[in-house]
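There are 2 protein chains.
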Amino acid sequence: MEKVVVIGAGVMGSALAIHLGNNGHNVNLWGTQWDDKALDQMKETKENKILGAKIPDNISFYYHDQMEEAFKDTKLVVIAVISKGIETMSQTIAKYINDNHVVLSITKGIDGDSLDTMSTVITNNMPETSKGKMSIVKLGGGLIAAEIANGVYSEGIFASEDLEAAEYVRDMFKSDKFRGEVSGDIQGVDLCAAFKNSYAIGMGMIEGIEKGKDNPRAALMARGAIEMANIVEAYGGDRETALGMAGVGDYYVTSQGGRNGQFGKLIGEGNTKDEALEIMEHQTVEGLAITPNGYRFLKELEKEGKINMKKDTPFFLEIYNILFNNKDVKEGIENYWKN
Amino acid sequence: MEKVVVIGAGVMGSALAIHLGNNGHNVNLWGTQWDDKALDQMKETKENKILGAKIPDNISFYYHDQMEEAFKDTKLVVIAVISKGIETMSQTIAKYINDNHVVLSITKGIDGDSLDTMSTVITNNMPETSKGKMSIVKLGGGLIAAEIANGVYSEGIFASEDLEAAEYVRDMFKSDKFRGEVSGDIQGVDLCAAFKNSYAIGMGMIEGIEKGKDNPRAALMARGAIEMANIVEAYGGDRETALGMAGVGDYYVTSQGGRNGQFGKLIGEGNTKDEALEIMEHQTVEGLAITPNGYRFLKELEKEGKINMKKDTPFFLEIYNILFNNKDVKEGIENYWKN
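Top line first, the protein sequences correspond to chains U and L. Counting along the first sequence from 1, when you hit position 321 you're at 1727 in this note's numbering, and nothing is skipped either side. Counting along the second sequence from 1, when you hit position 14 you're at 1420 in this note's numbering, and nothing is skipped either side.
Warning: the hint list may mix true and false statements.
Heads up, the list lumps identical chains together, so a pair's fine if it works in one copy or across two of them.
[Said to hold, decoys possible] Straight-line alpha carbon distances no greater than 27 angstroms define the calculated DSSO-like cross-link-like pairs of lysine-lysine that follow: (1) Lys1580 / Lys1619; (2) Lys1717 / Lys1539; (3) Lys1744 / Lys1481; (4) Lys1617 / Lys1671.
Don't read these hints as lab results, they were simulated from the structure. Keep in mind it's a predicted model, so treat the numbers as computed, not measured.
Can you build the whole structure from these sequences, using the hints too?
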C-alpha cells in the first residue's frame, strides 16, 4: 500500500482521500487555512457531512502549517485546489517535491494569465531539478465527489505523458466500483475538463429556452463533444479524448445538473448575468470564470492558424458572446442553429 | 420546392412529413394498411393528435392501395417503416423507383437474416437498373418525432456515399429550427442508430441499480460512445460518426427516457425480461430486438478479426449476456467495472 498526500480538503480532495483510504492506502489529507473547520469536523466525527461518507482509519489530517509533515514518505501527491489557487499552491508544494513523486491534478480550468492548462501550470512550477523525473497525471471523467466517496460505480481517465505513472495512479484508484482508463493525452484531458464547464452553461441555456425538450439537448451534447475534439486536436492532442470519459462523460455529468447548468438555464430564461448570480446567491459558477479564458485560449490558437472558431467551435462562440458580449441568448441560440 | 413521398404514416413518418410540409415542400404521406386510421384522422382533423401538431396544407394523404399515385413526380422518398418491414417495403417500392430518386432512410436496426444495416437492405432491393444512379441517404441524430413536428430546435446528420444527395436532403430539411450536418459515413450512422438502442437498455440497467446517480451514467455514456466508435471503425466506417449527432446525440436522447431505458431500468431493479415486458404491457422495446442481431453482427466481425468484443465492446457484451444468457444484471455490471 502506498502513502499519499492530498492537498486541499474541499469536497473533491476529501472524496478522493476517502476513496484512496478505503482502497487501503495511507492518506495524509492536508487542508488550507480555509479548510480548518472541515478538518476539525472530519477528525472529531470520523465522517464528512457534506459528502455523507465515513472517514476510514488510515486517513490522517494535517493543517495548513503542517505541510512538511504531510508530505513525509509520500509517493503520490493529489492536488485538489481550485484553479485560482493552482499556481501559488504549485509553488508552495514545490519545495517538498522529489524526483519520485507522482503528482495527480484534478483542478479544472485554464490559467487566466498564461492561458496554460492546469497541468502545464503545475509542471512549470515544479523544482527545476525534478523536471523530466517526477510525473504529472491528470484525472478526468464525470466524477461527482460524493458518489466517489460513497462507493458508487465511477469511471475516470488517468492521463500523463508518462504512461507508467498514469497506470500506477490508476491502479491505486482501482476498486470494484472504480474503473480507470489510461491515456497519454494529458493536455486533451485538461482541455476537456475546462471547456465542458462552458458547454454545460450552453446546455443550461437551451434548457431555459426549450424546457424539457430532448432534441436540442441531444444536438448540443453532440456538438459540445465535437467542439471539444476540435479544440483538443488544435492544441495537438487526440480527438479520441473528447469521445471518452474526459469529454462525453464529464460533459454529460456537468450538464445534468450543477451550478453551470443552473446558471445557464437562468440566462436562457432571460435573466442577465447579474440577475442569475443574484438568484444563485453568488455561488461560484466555474464555467463563468473559464469561458473568457477559454475564449482567449482559442483566439491564440486561431492566430496561429490552428483553429477557426466560427467553423470549429460555433456553439462555444455563441456561449461566449451571450455571456460576455451582451448578445441576446435567444439570438445566440438561433444563430447557432441557422449556421 | 420539391415533391416528396413519405412511406409510412407512423409517428416518425408523419413528423417528417409535417416538417417538410412546413418547409414548403409538397409531401405525399403514404400509409400502410395499419395506418388507415391515422390517415383518416389527419385528413379529417388537419392535425396529428399523437404528435400534437397541425397538418400543413401541402400534405396529401395516400392509402395503402395508392402507392403509385403517391410516388408521382416525387424526387425524395422517405422510408419510415420499422426494421422488420424494411425488406418487404423496399421490394414493394422498388417498382416505383427511378434513377433520379433520392431515398432517405430513418429505420433503425440490423437485419436479422443478412445481418446487414438498414441502408444496405434498402440498396440491395432497389431496381438493378437504378443501382449506382439513385442515391440512399440515412438520417441519424437524437430526434424525437413530436419535437421535430412542433418545430423544437433539432439537429440531424445526413449520411450518404453520394455527398451531393446528402446535401440535397439536408437542404430540404433545413429550417431556422432544424440544423443538419452532412457525412459520407452512411454505414457508421446506420450502426450507431441500431446499437444505441442496446446501450440505452444498458443505461437503464445502471439506473435501476444506482438510482439517480450521475457517475455511473457518465461512465456508460462515454463507454457507449467509445464502443460505437469501435464498432463503426471495425465495419470500415469513421470513428468520428460516434462522436457526433448519430452517436452521442442519439444515444443521449434514447437513454434519457423512452422504452429502452424503461425496460433496462426494470431489469436493473431485478425483474426478468418477461416480468419487465409484462409491466410495460408488452410495448415494443427496440433494443431488445436489435441486441441479438447486433451480437451476431459483432460475432461475424470478430471471426473476420476486425473486432475483439471483450476488449472493444465489453459493455455491449454484458448487456447481451444479461438479456440473453441469463446473466444476473448486478453481476454483469460488476463484471464490466472490474475489467
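Consistency of the hints with the structure:
1. Lys1580 / Lys1619: This pair counts as between: shortest inter-copy Cα distance 19 angstroms, intra-copy 37 angstroms.
2. Lys1717 / Lys1539: For Lys1717 and Lys1539, the Cα distance exceeds 27 angstroms both inside one copy (40 angstroms) and across copies (32 angstroms).
3. Lys1744 / Lys1481: For Lys1744 and Lys1481, the Cα distance is within 27 angstroms only across copies (25 angstroms; inside one copy 53 angstroms).
4. Lys1617 / Lys1671: both (9 angstroms within a copy, 24 angstroms between copies)
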